[in-house]
Amino acid sequence: MAIEVRIPTILRTYTGGEKAVTGEGASLSALIDDLEAKYTGIKDRLVEEKGGEIVLRRFVNVYVNDEDVRFLGSLEAPLSDGDAVVVLPAVAGGC
Amino acid sequence: MRYDNLLASVGNTPLVGLPRLSPSPDVRLWAKLEDQNPTGSIKDRPALRMIEEAEKDGLLRPGCTILEPTSGNTGISLAMAAKLKGYRMVCVMPENTSEERRLLLRMWGAEIISSPAAGGSNEAVRVAKRVAEEHPDWVMLYQYGNPANALAHEESTGPELLADLPSITHFVGGLGTTGTLMGISRFFRRAKPEVKVVAAEPRYGELVYGLRNMDEGFVPELYDPEMIDSRFSVGPRDAVRRVRELIDNEGIFAGISTGAILHAAMGQAAKAVKAGEKADIAFVVCDAGWKYLSTGAYEGTIDEAEDRLEGQLWA
Chain A
1 MAIEVRIPTI LRTYTGGEKA VTGEGASLSA LIDDLEAKYT GIKDRLVEEK GGEIVLRRFV
61 NVYVNDEDVR FLGSLEAPLS DGDAVVVLPA VAGGC
Chain B
1 MRYDNLLASV GNTPLVGLPR LSPSPDVRLW AKLEDQNPTG SIKDRPALRM IEEAEKDGLL
61 RPGCTILEPT SGNTGISLAM AAKLKGYRMV CVMPENTSEE RRLLLRMWGA EIISSPAAGG
121 SNEAVRVAKR VAEEHPDWVM LYQYGNPANA LAHEESTGPE LLADLPSITH FVGGLGTTGT
181 LMGISRFFRR AKPEVKVVAA EPRYGELVYG LRNMDEGFVP ELYDPEMIDS RFSVGPRDAV
241 RRVRELIDNE GIFAGISTGA ILHAAMGQAA KAVKAGEKAD IAFVVCDAGW KYLSTGAYEG
301 TIDEAEDRLE GQLWA
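Protein chains in written order, with UniProt numbering: chain A, 1 to 95; chain B, 1 to 315.
If you're looking for bench data, these hints aren't it; they were derived computationally from the structure. The beta carbon of each residue, even a glycine, is placed where N, CA and C say it ideally should be. Please note that the accuracy of each hint is not assured.
What the hints assert, rightly or not - Which bits of chain B does chain A cover? Going by a derived footprint, with three or more residues having C-beta under 8 Å, they are:
1) 70-78
2) 105-113
3) 118-130
4) 201-213
5) 220-228
What the hints assert, rightly or not - Now the in silico label distances, taken between C-beta atoms and shown as ranges:
6) A:Gly82 to B:Arg189: 27 to 37 Å
7) A:Gly82 to B:Ala275: 15 to 25 Å
8) B:Lys192 to A:Glu76: 50 to 60 Å
9) A:Lys19 to B:Lys56: 29 to 39 Å
10) A:Glu76 to B:Lys129: 28 to 38 Å
11) A:Lys19 to B:Asn249: 30 to 40 Å
12) B:Arg20 to A:Glu18: 24 to 34 Å
13) B:Arg61 to A:Val55: 43 to 53 Å
14) A:Glu18 to B:Asp26: 37 to 47 Å
15) A:Lys19 to B:Asp303: 11 to 21 Å
So here's chain A without its partners, still in its complex pose (with noise of 0.2 Å):
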């Protein structure tokens, strides 16, 4: 199984340069583990504590086939074989 994700500027360092990574995982969160162990120290970037539960990261937007993964069950939301995975921060857009 695999899900291409695409890596922000930002958090290239992680990926040694990198603008897109191969992951596995059937959940969001499983992708980031998946990550993390190839990866290590991206998890930590996009995922935090909060009243003891990981949770994204406020400025880390997660976006599934381009739908936002907050409205599909954040790091529950499942993923499946061929799935484009691309992470944003969020920015204030154009107005």
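Mind docking chain B on chain A? Use the hints.
Frame of chain A; chain B shown alone:
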């Protein structure tokens, strides 16, 4: 329709059906033409409302200077209203915005402070906050956190949509300050709670996400995720493709961010067709394409247009 002056004519925009892009008579798309506001964008609504509320609160008095971080449309709307009401207007705008937007701002009398391209609107907000500290007498209306921004849509755009389309099932809007979506959703959650509210968020090139660290990230103070049912990230390729489909099929000449919104709306339409459900999907045409002609989004191949938009704040 007759109005006493230009400011009084803000809002009450047409809602037009899209018979060619709608997948079937049961699943219909509707475009709310916000480009038909006085300065040509949806931002006339929140800009005017923010000024009116600040006047009511006694924050804005004759001769005041208004300061605002903006990538263009809000600044243009504020500049027009400021000119008519006798305020000085100062905009903080990222360098990587189209030249037309600068020309329009200057035409309506606004002064422009440029913020660095890297970091996009994030930097504009940061610079504006610093300028505000240096000039405590200037009034920053701050669209990202000003409740009057959302209120404008809760009390005008939302009710207009329901009046024109009582059978509405979905509303799709662009996510920037989040004011449009928050306000319209707040209206529908009360007036017709089964309406699904869908956000389309433009995905820019890497330059715009060039933060020095994650703590510099930004979520508008107005944003409440409870008000949204789903949120999609749309890149320039899909936005350009859809904006061209809108011209080719329906004759509507929209700005690039509307292409991103249409893309999300078409996604909802496809979903409804697949589920065998009826749907009336309304979305906003935020502005027309005039201000983006120089970006090259409207000519050549999609590949070429996508390349040209790299690094630009196209929405």
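For each hint, the structure was consulted:
1. 70-78: Answer holds; 5 residues pass the 8 Å Cβ test.
2. 105-113: Three-residue rule not met by the segment 105-113 of chain B, so violated; n is 0.
3. 118-130: With 6 residues closer than 8 Å to chain A, the segment 118-130 of chain B meets the three-residue bar; holds.
4. 201-213: Coverage by chain A holds here, the residue count being 10 at a Cβ distance below 8 Å.
5. 220-228: holds (count 3)
6. A:Gly82 to B:Arg189: 27 to 37 Å: holds, 36 Å
7. A:Gly82 to B:Ala275: 15 to 25 Å: holds, 22 Å
8. B:Lys192 to A:Glu76: 50 to 60 Å: violated, 30 Å
9. A:Lys19 to B:Lys56: 29 to 39 Å: violated, 50 Å
10. A:Glu76 to B:Lys129: 28 to 38 Å: holds, 36 Å
11. A:Lys19 to B:Asn249: 30 to 40 Å: holds, 35 Å
12. B:Arg20 to A:Glu18: 24 to 34 Å: This hint is violated: roughly 43 Å between Cβ atoms.
13. B:Arg61 to A:Val55: 43 to 53 Å: holds, 45 Å
14. A:Glu18 to B:Asp26: 37 to 47 Å: holds, 46 Å
15. A:Lys19 to B:Asp303: 11 to 21 Å: Holds - the Cβ-Cβ distance for A:Lys19 and B:Asp303, about 19 Å, lies within 11 to 21 Å.
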